[in-house]
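Novice: Following the hints, complete the assembly by docking chain B onto the known chain A.
Listed below are the residues making up each chain.
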Amino acid sequence: MDWRQLWEIASAPDNIPIVGLIPLLIFYIYLAWKQAKANDELIAELETSPAMAKTHHRKSWPFRPGWQKEVHVWPFLLRMEFLAAIIVSAILMVWSITLSAPLEEPSNPNLTMNPAKAPWYFLGLQEMLVYFDPWIAGVVMPTLIIVGLMVIPYIDTNPLGSGYYTWKQRKFSIGTFLFGFLFLWVAMIIIGTFIRGPGWQWFWPGQTWDHNRLIYEVNRDLPDIFGITSNLAKAIFGAVVVGGYYLVGGFIAHALFRRYNPKDYQRLSLLQYSIMMFFLLTMVALPAKMLLRLAFNIKYVWITPWFNV
Amino acid sequence: MPEKPIPEQDPIVTKSFALHYLVAMVILMATLFWALWDEAYGQRPWKAFQQEWKQRYTAFLKTQHSKSEQSIKEIAQSAAYQQLDQAARQAEANAKARKDELQKQISDLNAKILAVQSVFTDKRAYVNALNYEIETDSSKSGKASKQKELDEYKTEVWFVEYPDGHKEKYNFAQLEEKYNELKDERTKASAELGEVLKPVTEANTKLAEYVSDHMVDLTPTQIDGLKKKTAEWDPKIQQINVAEANIVDRCESCHMGIREPLKISAAVMTPKGEKKPDEYAQAFVSHPEPDLLKAHDPDKFGCSPCHQGNGRATTSIEKAHGNYEHWLWPLFPKENVEAGCQTCHAADMVLVSGDVGWTISEGKDLFRQKGCMGCHRYEGYDREPEDLNNLTQQLKQFEQQKIENTKDAADLMKQADAAASNEEANRLNDKAVALRVTNSKIDGRIQQLDFQSHSLMQDQKKVGPNLKDIRLKLNKNWIPVWLKKPTDFRPNTRMPNFRLNDEQVRAISAYIWQSALKDPLPQQKPGKADHGKELFETRGCLACHSIGEGDQMQGGTFAANLTRVGEKANYDYLVRWIHNARQRTRPYCPYEKKDIGPEDYAKKGLPYVFDLEHSQCPNDGHELQVQNMTVMPSLRLTAEDAQDIATYLMTQKQKEPSSYADASFMDDPKLKEEGKKWVRQFGCAGCHEISGFEDEGRIGTELTFEGSKPIERLDFALFTEGAQRGGKEPITDPEDLKRLPDGAAKGPWYDHKGFFEHKLAEPNIYDQGKQKSEMEKLRMPNLHLDQEQIRALTTFLLGSQESSLPDSYQYKPGDARRDIQEGWWIVKKYNCMGCHQFIPGQKTVLMGMARYRDTPEALPPKLLTEGARVDPEWLRRFLSNPAQSDTDTNRNGVRPYLQVRMPTFSFSDNELRKLVRFFEALSQQPLPYIPEEVPTLTAKETDMARSLFSSTAAPCLKCHATGDPQHDKFATAPNFLLAKQRLKPDWVERWMIDPQAVSPGTSMPSGLFRKQGSQWVFAGPTPPSFQGYDKDHTKLLVDYIFQLTPEEQRRVASAMGRTRASAEPPSSKHQAAAGASTSGRTASSGGSR
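Just so you know, the protein sequences line up as chains A and B, in that order. Counted from 1, the first sequence has number 178 at position 179 by numbering that gives the first Met the number 0; the numbering is strictly sequential. Counted from 1, the second sequence has number 1008 at position 1009 by numbering that gives the first Met the number 0; the numbering is strictly sequential.
All the given hints hold, so there is nothing to weed out.
Chain B is faced by these chain A residues, among others (derived, beta-carbon under 8 Å):
(1) Arg3
(2) Arg63
(3) Phe75
(4) Ile86
(5) Ser88
(6) Leu102
Simulated crosslink set (DSS-like; lysine-lysine; CA at most 30 Å straight-line):
(7) Lys293(B) <-> Lys827(B)
(8) Lys14(B) <-> Lys36(A)
(9) Lys318(B) <-> Lys116(A)
I should point out that these hints are in silico values taken from the structure, not numbers from a laboratory. All C-beta atoms, glycine included, are put in the ideal place defined by N, C-alpha and C.
Looking at chain A on its own, in the form it has when it is part of the complex:
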């Protein structure tokens, strides 16, 4: 176990946000989860007893006469937000005094740094380059991510869960978010920061980042495994496989969604539903491709002269 290597990575001023991100994420998910659990319990209780529903609409205390039913944003919300702003300001000040900008030597076009890493918030995208070609990972996927986020309000037809934490009422939305954000985005940043060393090779935490390390790894394209040689056949084969993934995956997702989310399914129009399915399947395609690449050494599935998937 090379503790020094681990410390070098963790203590690099570049990586401080990520190191901070890990406990903060855990804490906030825990906090949200705790409140959601309490709310879900309250909801269950209120659903069974109409009398209680009249007096209990706050999660901590039942309603009391004389209490305001609603409180004003100013000052009751803003005074807390302002307090938070003060504390965050203090933290930022201390941070900026103690850690200087991680500047390096003047750039030398004849000598590339190794590993050459993007800023921490882009490391997830950089990690995607391992699984897709630059056109897909660098242009198509980021565009889809942004468009997908923009589309959420238009396909979210669930009226519940607004203004309070809940799990039971929004299982699908929250689950999808946790999968997309935590598992895909944050995990990929962590991989990019802690796991990828010189030569963008996979180093387990605590393994020394040896610049001279050599590994034996041969990646093949899926059509090659099937002995397909001509470019046209490869393109067609790839299109069939990718199309098959969306088709078969679509059927499975459709079946599961209908079974476990009948209410949402009914509320969605066909357009909304198919858009949601497309983004869902595209999102799931990333871990699927990661699995193919990392476990089976498959580089590309669909090869065309213009892009590779």
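Specialist: For chain B alone, coordinates are given in the frame of chain A:
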């Protein structure tokens, strides 16, 4: 649901956050103050340095002040000071009355001017503004009306109130007039004041000059100035900014004392009570080499061009010194600080100042002497092979072109014959003629190239011996033993250890043995070892070679140690080598790439003669390599003397040559191919001439800019992590460990210095732990360097950088200084400094030898002012033939009385020219040299001069040689007859007046002349004919010497011979001082060196 009791009031509305806010605000304010502090001090640590500097420097200045006052008191007591002081006071008193008057007048005028001025400037401003409006008004009527307004304004009158209270009326013109009048008056008064004060100022200046001329340190006034400056110092960034070189150096923000006029050491800056100088004390010292600073004005050069580091950084010591990961040019470590010289002075073998014993010069010498440039290209080192290669390429192209032109011409002629029209035929014919003319031009060019290559081939030298000769030269059985580990045989050899395994040793020795020349060698008669030993020790062999091992070793390290030469050498070859090392067995033709033998000459019917005059290839007419590529010169020994020395050297052995194990495998033809492979792999041809490898390139990496190579390109191999983190020292071999300048690594060594030092200590260290085949292994051999040598070479390499400074900052002079630069390369190449002193303080090898300790006059002459001394044309002739005779060569040409011999180096024309220019430039002599006219003396003057020349007080011919063998046995100085050709008259005059200033330690007596008024007169008694002679006696004597004829000299000598026994020279006390008269011989009165 909650067990807690429900509160009366809604907590969201009623809960107070006052405490939270208080705590948060306190924290926020604290961070705010922290930020302010950080901005003012945390990010500006130099402020603390400057505060500390003020205190400590003021305290130091106080102590200096009292010392300075002490010494000024001493000066004030001198009569000269008193006199000057008196004069100053007198002048002051004389001027006083008029001075006071004038000063009063000026102050009155000043007050008046002020009064007029305050009114006048106001009115003038109004007039000027109005004028502008008139000028720019576009309408005529507007102009006119404004003009009217102006005229009216000018006629108005105003009051001026003078300081004495009275008022006067003026209009504008009067006001202007009055104002100018007053000013004129004041100018006049000031001028007069200056005139009155002039003698006072002059007297005071003289006084101040006297003080500063006689004070070793600063005067109290100067120290007071420094104190004031220090006391008034406000903390600020001290910055040197040179835009043209992109230098921004803020080093002096902390290193405040660097340029102070006082010598500041860390000890005096250490606060009282502390034992060791702290961080501040170390930072405040003045520059240790003020002379360097004078030559490199910091305002032009800054600091970082020499020292490196990050000149812009001011936030911490590490940042400023560049000692952090991302700064590519960290401060040169103290022990390698001279690396900075190399960045601009790479072309200087000897730095501009007399740099005796500098690390960087040592590094440069080592790089050359150890033969590093045999494998590694380095700009400037060993250029000849490359130039020769270029020439050969060009020759080939020209030859090819000639053939093509001839063919084309023939073709054109044929076409012309068949041409349809007469014009066409003429045109083609003209073309053919033009081609033939071109060919003739090419012939001229080829001749030029051949001429150049003649010089280059003479200049081209190899570090190691010619291996084509080993069959003639060596004991066969000795070769594999030597190759296995050369240091076992000769611990100080230049030949490095190549870590060869037994197969490689066998193969390599087989190849070089079988590829060597087999020509017969003339048999030599055995000589007398005793006489040989004496010759070896006296002729100067030991200036380069050494003999004896360990404490017994004597001689120089420039060439081989000959302690065991008898075990390896072949006597016949050794005689030839000693007689003339440059004599080759067969000439080599670089054009054909083969050794030319008698058969080639016979084919053309030519005699088998090759030397510098006969250097054309019989086959193709191009230049041949006719000399061995060695710097070993010819000492012009007779054949017998050479045999005697060789016989003596053959007795130098520790075991019998016959006791070496039989090595007949070297004749096995099967080993030859294998051997060739290894010879190529290890780059043997970098240092040796080997058959089949004449054009072999260098096998190592180029080192010209090695110091600025990115660290990532230096392969630390498996030690990368260890070097970065300071793991344990990878070198385990105790001998190699001893080579590391700082011993085993104690911390991280992942930098250029660490890489170079480890590589030089154990060149294959970065192979450790690697899986490599024999062909892949690192090839660099172990040069068995010691700590100092590695430090020197590391310094050299660290400084080998691609400088970002503009060209004007590099030391690339185009004038006489360039001649000096080029000359040093030749001086170092032939180890001239082994015998001669070039720089005051430089020690020659011979000086250090016991033999010369008591007889310094037997040493070779010092060359401190050689360029001023001798005629350049004579110098060129002397250098090409130091015997100065074609027949009588077994002697020195100028100083036949010296045992040690100036050898014949057979310099090429190129090197001769460079050397002569070098000596002239070193003594600041203008080129071309136009000899001074020596006036012809009248008969009377000749008589007078002769009386000086033969005076018993200075019997010149007593020590100077005359050509009479009887006399010259005891002579210790050159013959006067040489002077006319050899010397420059003005130098001879300087020499006679003060020989010690020209050549310290010479036994030429001083004080022969003394100054009488403006005339130099002879110090001894002069005959009556000198009465009324008002010219310099020195000049007379010089003119006489330059007109001396052999007959005249004989006459004087014979006349002196009668008086010799009786006359005791007056200069005997000088000889005693020079330790010259210890040998007891009466005539050993010292020599001129």
